[in-house]
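> First to last, the sequence lines map onto chains W and E.
With the numbering used here as the guide, the letters of the first sequence map in order to residues 2 to 159.
With the numbering used here as the guide, the letters of the second sequence map in order to residues 7 to 631.
Just so you know, these hints were derived from the structure itself, not from any lab.
The C-beta atom is built at its ideal place from N, Cα and C for all residues, glycine as well.
Hints may be right or wrong, so weigh each one.
What the hints assert, rightly or not - Per the computed footprint, the stretches of chain E lying under chain W, defined by three or more beta-carbons under 8 Å from a beta-carbon of chain W, are:
no.: 1; stretch: 32 to 44
no.: 2; stretch: 148 to 160
no.: 3; stretch: 229 to 237
no.: 4; stretch: 322 to 329
no.: 5; stretch: 472 to 486
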Amino acid sequence: MALTTEQIAKKTEELKAFIEEHKNMPGPLMPIMQYAQESFGYLSLETQLIISDMLGIPVTEVYGVATFYAQFSLQPKGDNIISVCQGTACYVKGGAAVLAEVEKELGITSNQTTQDGKFTIQDTRCLGCCGLAPVMTINEDVYGKLTPSKVKDILAKY
Amino acid sequence: MTLEELKRIQAETLPQINMRHTHKTEENVKYKRQVLICGGTGCTSSGSNKLMDEFRAQLESKGLTESVQIVRTGCFGLCELGPIVIVYPEGVFYAQCKVENVEKIVDEHIIGGKIIDELVYHEKTTGEVKEKLFDMQFYKKQHRVALRNCGVVDPEVIEDYIAFNGYQALAKCLFEYTPEQIIEIMLESGLRGRGGAGFPTGLKWKFAAGNRGNVKKYVCCNGDEGDPGAFMDRSVLEGDPHSVIEAMAIAAYVIGADQGYIYVRAEYPIAVKRLAIAINQAREKGLLGKNIFGTDFCFDVEIRLGAGAFVCGEETALMVSIEGHRGEPRPRPPFPAVKGVFGKPTILNNVETYANIPQIILNGAEWFKGMGTEKSKGTKVFALGGKIVNTGLVEVPMGTTIREIIFDIGGGIPNGKKFKAAQTGGPSGGCIPASLLDTHVDYDSLIAIGSMMGSGGLIVMDEDNCMVDIAKFFLEFTVDESCGKCTPCREGTKRMLEILTKITDGRGEDGDIEKLEELANTIKTTSLCGLGQTAPNPVLSTLRYFRDEYEAHVYEKRCPAGCCKKLAKVIIDPDKCKGCSLCSKKCPVGAISGEIKKPFVIDQSKCIKCGVCIDSCKFGAISKK
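Bound conformation, chain E alone (with noise of 0.2 Å):
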């Protein structure tokens, strides 16, 4: 492949999908229309596979193959309402589409060019027919940098990454710089790791620049994401899977490396297949291998599997690992960038921080800067979760408020009910209050209220789930996940999570939020990675904003959301109760009792909180306290 090739293939397939992002076709197109599908995990869970065979099947019976295509693509984000279907020129977004409405829409909008307005997106808040993608609330505040192309192109066609200036930073880095000023335009840019810990990306390389041509080095891609509610590494690799191999060859060619490995989460079947046949089709073209681009650099790449261990996202764990070795993190230094994979030096870089680079090359270090705060530039990619209208992808520029991100963006909390808390950082990070929800969003600020980035994972929490309750639930994750080679990490957390479990069982004692403290501090302090460091992040934060519900079930031993099962009792308010006897037939324990026409009861002692009372009374009697 040379320059002029990619060129050329650009310019061949860029007319016709480019109505993509203009929304207008282009003449002397084969097919006029097109039909994008979303091919993500979420959609695919919910069935857009078989809307893909009903679309074909339609599309053939109706003599229409020539003139529409048909494209799956990676992630448009809004997985709450799929599978999603858009269709270009007009951009139009059907959600939740069905099997049954897909005839309709070939045949009053791909047909008869009518937009169907009873399918197209709703707002969810105000009810108003969104008929183009980017007049809706949920993308208007979003600025897609590293998601660009996901929802966009067919992340199985090379042709379609090209078409969009694919490959051509590699060229650039290749013909146009030497690794020292590509390490400058990164440490100029900004930008920092997505993982989580925020590291300059530029200085990473630079500590793995030195001694070119006499060493062997690796180039490694972090994709074992295993913050649970984090999903933005899965997307780009399903979406995208070329801007993570062509930002690992620019990275290959900065360090000197001609070899480098892609650690991705084995749980993640349908990135792990588009990624293979990404990278099949990089080498077919010729930009992996010998070469590249008539140049003497030389970089392939291979994927190896995660096998369900939490500590391998960690840096030193996730090498050895792909040495072949138990994940267990080792003490630092030596740092990865002098002795990494193999022993030799690496850099390990995260899915969304390599997915920025080739734009941050394309466009220079200028415009990636322009986007941000002072200390965090460019954007991120949050995954919203939980008691949430508009759960999925989002990317926003740094310094954007959380309640931005929650209510303007992500359509605020369903069925009415009240914000208690953002969770970010998963395992490693804390709980947001309501009262910081104009906290912009950036490394540094974060940080500061006692949370952290993290890879993005944002989970809301409503008035029903119990902050103490949260907190065990982490622990319980970290004491699963915990390798076990540092005694502060495996000892420490089990004992915390056994005085949580105490607490939320109901046999709390005064003094123990105070041993919490002391033991979450001692392990902060003392562990030997990441994982333990950051493991009592999540009790901290509770307790730093919500000590009162911890003291709650310690001192009056009651759950003040009603959610921890053993504090919670069932009662059935008199006032209401019309006697009609229902709940006392559907309890499973025998436990409510009484006479017909007159307030039932429940005995506390048999009760064992299932809630079927709750939701069998017609009258709204009977809540949980």
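Only chain W is shown next, with the shape it has when bound in the complex (with noise of 0.2 Å):
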């Protein structure tokens, strides 16, 4: 959900407020850029500028940092987010099927948002419920035990 100016100057208020609190505290880069993207839900320049400015470090090391972790995004992502565990207890039990079977009805292909915007489909590597494998989640939804037949339907609820 693409969100409106009103939204982004009250947003971009409350990280001021944030950064301020938090500037103080040993290594903060990271916990700010964090409630940034959490906030946003990606990090677009201007948040990046306004974190540079505020700690008085350059642009370009809130990019580097950014660009470096996968919990970041310089983009924008869909409405809902899509990750096929492809962690090593997935991938023996065939989730590597599971995540081309998401692609192909998709359209679209591992770190790619659908062009509604309402589907992006995130790299992962392991979510830590092997017991389930394959598993894939959609938002704070966990689908376990699953084949690439399943897919179509569970993607419909969406």
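Got two chains here, each in a separate frame; can you build the complex from them with the hints?
So this is what it looks like as structure tokens:
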């Protein structure tokens, strides 16, 4: 969901207050970026500039951290985030075929968002529910013991 | 909080919850029965929250809320059969419990006192009914030290932890031991790091203990469990967070630190939440903060979240990540004991390592040394996954054989398939073939056979898994996760992956296997950190034990397991084919043709090896070769 101008203005104020409150803690950059990622859903250049200004560090450093960690995203994500686990336990039980089916159904590949902004497929290594392998999550919902044939019905719920 | 207050909380709480160990309801307790429901990630995913709501509603409607208590615990281990419910005092194990079964359990068991045989656990291999947790094959050979409270206490209630001697190890350290004596106990116990490398914990502490009181120091906990397929640290944090906090406080007392950081993967939301609750409760009770137990020892802990980078499990990378930078490792020395977080002396231990420590203090080094092998003491938690009947978490004494873990506890391979290999150590480890199933698991014997303990992921593979493909899978992982700082790892793993892809695509050439070996050995010896130094292991170990599979791919353009799609051929057996034409109708690319009632054939140039025809054939005439 794209944010409205008012929402962005409000969230920006909240971010500034959060930075003000946390900038003197040891190692403040990551917690602040995690807050911003959670709040905006991604880290725009504007957001990165605010963080860089208020912490007094170069924006290249903020950008460097943003691109290093998989959790940070520079583009807005879709309304529904799909993670198909590609950890070892899921892989040996056919996780790759499940991912292929999701990609086929949505017509996008991993780390892309559908045209209508409804779904993003995210790279995921291990969700830690290896007992239910192969697993995928859509937002907070977990689907376990999957086969490619179950994918279509699950996607239809969103 | 004083020691007396701690003992008072214990005396007040223990009688009520002791039924979880003694299987008897003590006199004069409020709740005659307790229903424990697993709230670990696995069971939560299979719906344990709904189950809990239903139990609450049922107990309320039947007026039982004053005599039966519902408790949400951490992981019981047998994730395959979640959601799991255990009814005490009997300790009856209801597996794969469904919302619609709750009323029956309440009516017949909780009110009627009759155990419901059709809902309790049945041994998967023999079909035997096993009512009680510790009658089950899965639990019988286990010995729970690090996981002792997982599935037993409510992780969100500090009193539960205190009841089972929680925080008494910390009190004992503060009142009875000098830091030097604790280091002696740790050295004597033989505890080695459970994160993978197996460095003696006592030695690590000793290195950081110098100059106490004069310099700022830190105690850190590595909860960045990045090894895909391992989830023991998550289970400890979800099921028994206080054991980690208590152990960190002990470590802080030993080296003279007053601040701790727990670095946890952001992918573990339940663990993070419970840890935050536990830290707050410990602060409220005065077990973290200023002047703990009225002494001049002060210590507090903060959570730092990872952001999805595998390399941050490496100690130097983890520390720069806590500081808020790109998580790139740096050369050692200086070791963290000299120069760690924010440039100060730091000790960093893994979650499972910490979970052992309060028990070692309370029971003594001799007790801990009594378990395990000569050089690997105590127990180890393994996460069983892949092609195995009982997937889940098990804790066994060091020295248990891989065969016992996979076949006796894990229940063997499902669907009558044949065991092919067990993978330990994640992307840093290797594959163990059937001929080495009787290897005893400890740090040194696993290294000797070309694998490693790692954090304890144990993934089982059967005859349908291709070992070249598995090696490629791990290399893809390393290429993704290599931080890019040093050339051997950044460039070398990429080249290895290219060769492996070439081989599995059927374009392998003479000399490719040798090139892989050469690259692997160079990367191993020249990479900066543990990630690069161990990245070639999956390739080297599969080459060591399954070289014939590589050779079949390269020289015969054949995948013996029938797994590599580009090499697989889907074939119709003319003797079994009845000519029903079903497969040709199902084929998405129109590759199958033939005359009705005569054997059909597949046009290999069109076939995409999707396998739809194999599933559709009622006569079992189609197979992948």
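> Counting residues of the stretch 32 to 44 of chain E whose CB is closer than 8 Å to a CB in chain W, do you get three or more?
violated (count 0)
> Cut-off 8 Å, C-beta pairs, minimum 3 residues; does the coverage of the stretch 148 to 160 of chain E by chain W stand?
Not satisfied, violated; 0 residues make the cut.
> At least three residues with a C-beta closer than 8 Å to a C-beta of chain W: is that true for the stretch 472 to 486 of chain E?
Since 5 is at least three, the answer is holds.
> Given that the stretch 229 to 237 of chain E was listed as covered by chain W, double-check it with a C-beta distance under 8 Å for 3 or more residues.
holds (count 7)
> Are there at least three residues in the stretch 322 to 329 of chain E whose beta carbon sits under 8 Å from a beta carbon of chain W?
holds (count 3)
In summary, the structure is inconsistent with hints 1, 2 from the numbered list given earlier, while agreeing with the others.
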